[in-house]
Amino acid sequence: MEGILNQLPIGLSIGAVLLLIALGLTFTFGQMGVINMAHGEFIMAGAYTAYLLQDFAGRNAVLVALPVAFLVAGLMGLILERAAIRHFYGRPLDTLLLTWGVSLVLQQVARDLFGAPNVQVTSPTWLQGTLGPMPYNRLFILLLAVGSVVAIWVYMNRSAQGRRMQAVMQNRQLAATSGINTGRVDQRTFFIGSGLAGIAGVALTLIGPVGPTLGTYYIVDAFLVVVAGGLGQLRGAVIAALALGLLNSYAEFWTNASLAKVIVFVVIIAFLQFRPQGLFVLRSRALT
Amino acid sequence: MLNAFLRTAVGAGLVLALAACGGEPTESTTGGAAAAGGDTIKVGLLHSLSGTMAISEVTVRDAELLAIEEINAAGGVLGKKLEPVVEDGASDWPTFAEKANKLISQDKVATVFGGWTSASRKAMLPVFERHKALLWYPVQYEGLESSPYIFYTGATTNQQIIPGLDYLKEQGKTKIFLVGSDYVFPRTANKIIKAYAAANGMTILGEEYTPLGHTEYSTLTNKVVQAKPDAVFNTLNGDSNVAFFKQLKSAGVTAESMPVLSVSVAEEEVTGIGVDNIVGHPVAWNYYQTTENAANSKFVAAFKAKYGDAKVTSDPMEAGYNAVYLWAEAVKKAGTVEVEAVKKASGGIALERPEGLVTIDGETQHMYKTARIGIIQPDGLIKEVWNSGEPIKPDPYLKSYPWAGSLAS
Amino acid sequence: MTAILEKPPVTPAPVKEPRDWRGPALFALVAVIGLVVMPLVLEPFRLGLLAKYLTYAIVALGIGLAWGQGGMLTLGQGVFFGLGGYAMGMHLKLNDAGDGLPDFMVWSGVETLPALWEPFRNPVFAIAMVVVVPGAVAWLLGTLVFRQRVRGAYFAILTQALAAAMVILLVGQQGLTGGTNGLTNFFEFFGQDVAADSTQRGLYFTVAIVLGVLFLGAWQLQRSRFGRLLLAVRDGEDRVRFLGYNPATVKTITFTLSAVMAGIAGALFVPVVGIISPALLGVVPSLELVVAVAVGGRFALAGAVLGAVLMGYAKTYFSEELPDAWLYLQGALFILVIGLAPKGIIGFFRRKDVTA
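Residue numbers (the working numbering), protein chains in the order written: chain E, 1 to 288; chain Y, 1001 to 1409; chain P, 2001 to 2356.
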């Protein structure tokens, strides 16, 4: 019985991880229609940032790394957007393949820079220990996810920039005609979306391996969260991530890890039968 | 104006022409090698140099290259220098089969040293058996195999898994939880463990598998903690170990409260997992960097001199390093590199290696090896706390263990 | 559900172009190169590799049809390749095992042959399944997702997740599927020693001819009314719907055809290469084939074929000569092709824009 109860916070914490890795994608994929397969490599960049900062910050590298990784991954995203992706708006499938090429190159770059074996990122001493069944570092990730969501919500709804972003997302042409510099908004969106991947990367060093292939472990899950949540829907992503986290947690508890993954996939397919656009749909009169 | 069909055909023609050209340079190299065959012997090294397995396999290749270099420095074999032909298996099993085929039929190598995963070995096995060529496979594996064209220089189950269980039993750990990656080695290992447990009064509290590359271990950790075992027998592979040990530690499990005995975590992997997360846990192998003897001091020094001071040596690397020496010894004894003669000459060859005395068992083409249990130290190295006292005769089908009767069908 | 071809809109009869003989002539030339020159020039090992690339080309042909013509980016084509491959592999395994069990079942502790395997003893059944199973899975998935108007990126991600889930499922059922190892160590292929040079040569011809036939079929399909409808769906799905057609049906049929092609390719791959394993049908191999199609030129079926053979060859070449450079090269090639030459290599041979 205790085991079953424990799965509840575990499910939430799995959901928090999913949310963190998917949050950036709800921006880039959800708002701009860009499928960024290199998102996983931005996560990896965040993780390696934490690794490198250990030399300066020691055990608290994880904390210091949060803002730094946001900048590093954000800048990488910005460069990618400026150099390549902006030429491909409206061609989502091409950007998917293009960014996959970028992700291959980034993986090899990481391998050449840091070596193929995993590197070690030591977690802070104050994150060791548990609160009931919930390890502190899981709690930290949960708080980080909540914090990120709140920050994004405030940005989107309370700042002029965020509102412009929403306007572009809802109707690009109309936004442009109202004098919004859509190119600028796209850059900003991509910067923030990629930066969030960096933050996710730092968080993942607490619980997983840090190596060149890190991104590939999370990318499919991240996309599934966005698809299930609905394009560009913050609340959709939150609910989808938590629901999938809980589903995963209980499915694995009662069956096993392999079957749990398959169950999650089947549930998503079935769910899309009822809501093909995901949980929440952005209503638009635009004809595709 | 050209129509679609036409262009199709142009394109396809172009490709085929290219493919044809591609064939040529390789053929010419074969010719060149045949000419150079007078004073060198070609040997193939086939490991994953790219992809997920590269992490582990590159180091084995390095150890094999070191051995080749040392043998050449000492005058080579049969008066000829060894010439390594290195190929990349790319962590992809069909590629292993393809490259094995290439090494044998194009490069005409005398023998191949290669593989890591069981899947890569199973993929290569038919190629070597068909061509009657030799493969030296350097990694501990799940047993239940004895191909006449493969030499197994890593441990089989009775030289690693069973000693590991003997150790746990001696320590009074009788309630065991099994955790493994979902592939053939863990599943077979766990079958053996269950049979052993049934015969030795141990209880298996649970058996869990996760997909390769799995990184979410909170649910599994919960299951393990709830079951309250005395020890965990861990057959996870690769990156999963990192996630598992990190998450186990953050759930408050320590080496004192619940030791996790691993059979796929060596010196190389400890850094990636983080010493903090795994210190004090036991592992089972046949060799550690700290194993004390003259051959090992020489090996460790040579390896660090060639590849850098920060490098560590581990069991599979040592087994790959040994493989080259054992093959060279068999060739010297046979007086030729011809496969059947080498096989015949190999039985009974005994060499003092870094892990201690290694003898080739001619019947199974496995090695007599000493089993060693070690504890992971705060400096990331592994200290031996138990060994089998003498080299154990390899028994890939566990025929000499009455309790294993049903397994070895 | 609207049947597709029942209500053709009134269109002017297509203008009859003067018959162009250069196309068929070149096809014949390529056929001669493929069927006569290559087997003479290449040694058995290289001919085997070419046969492998040609099986990839069959998958690529299907991707070209679904993606290039139909706009459905399928990132899970490896699933269908695998289904075809496993159907063939199961038959070969049973054939080798005779009255016993396939080798991997013995070491996986399976004592009786699973019921799923039993019918695969029959070669006719096995070959039928090569076509039926991938086709049925694709039909089911297509019906489910296209009816709900899941498309574009959503569809791509779903097929990718399907590939990921399929690998996990296959790996997890070791006693049934051979787990990560997959099925390997085949001896006999319909009475022949599968590894013998003569068998391999015969297999090469089989693969080349199957590819040729499927290519001609796909080419005819592309030129037919259905082919034009497919293009229309790709370029303006809603408009096609307003015209009274059901795009879901068009897409489902095309997706199913592409899956069947992948299945056939998988079945041919097994005796040629001698293994089928989950690693061959995961996310990465599926994507690599899409890359190949993009490099060759996705808007022409010939581009797909060209790309698959070229990339297969490049992969072998670079992993033999410069293993470290392959990932860089593959990534860079990809960025360049998508960025600068979205019509791929074949685009350089064409003056007229076929995408319009």
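If you are wondering where the hints come from, they were derived from the structure by calculation, not from laboratory data.
Take the hints with a grain of salt, since some may be wrong.
[Said to hold, decoys possible] Okay, derived cross-link-like pairs now, DSSO-like style, lysine-lysine, Cα gap no bigger than 27 Å in a straight line: (1) Y:Lys1399 with Y:Lys1383; (2) P:Lys2315 with Y:Lys1108; (3) Y:Lys1169 with Y:Lys1132; (4) Y:Lys1228 with P:Lys2315; (5) Y:Lys1383 with Y:Lys1108; (6) Y:Lys1344 with Y:Lys1132.
[To be verified] Computed spacing ranges between beta-carbons, pair by pair: (7) E:Gly115 with P:Arg2241: 52 to 58 Å; (8) P:Pro2119 with E:Leu5: 32 to 38 Å; (9) P:Val2037 with E:Phe274: 53 to 59 Å; (10) Y:Lys1332 with E:Gly115: 34 to 40 Å; (11) P:Phe2190 with Y:Gly1362: 37 to 43 Å; (12) P:Thr2206 with Y:Asn1387: 55 to 61 Å; (13) E:Gly90 with Y:Tyr1307: 47 to 53 Å; (14) Y:Glu1390 with E:Asp112: 42 to 48 Å; (15) Y:Lys1332 with P:Arg2121: 19 to 25 Å; (16) P:Trp2139 with Y:Tyr1307: 50 to 56 Å; (17) P:Trp2139 with E:Tyr155: 19 to 25 Å; (18) P:Glu2118 with E:Arg82: 47 to 53 Å; (19) Y:Lys1081 with P:Ala2128: 52 to 58 Å; (20) P:Ala2128 with Y:Thr1254: 54 to 60 Å.
This structure is a prediction, so every number in the text was calculated from the model and none was measured.
All C-beta atoms, glycine included, are put in the ideal place defined by N, C-alpha and C.
*Which of the stated hints cannot be reconciled with the structure, identified by number in ascending sequence?*
Violated: hints 1, 3, 4, 5, 8, 15, 17 and 18.
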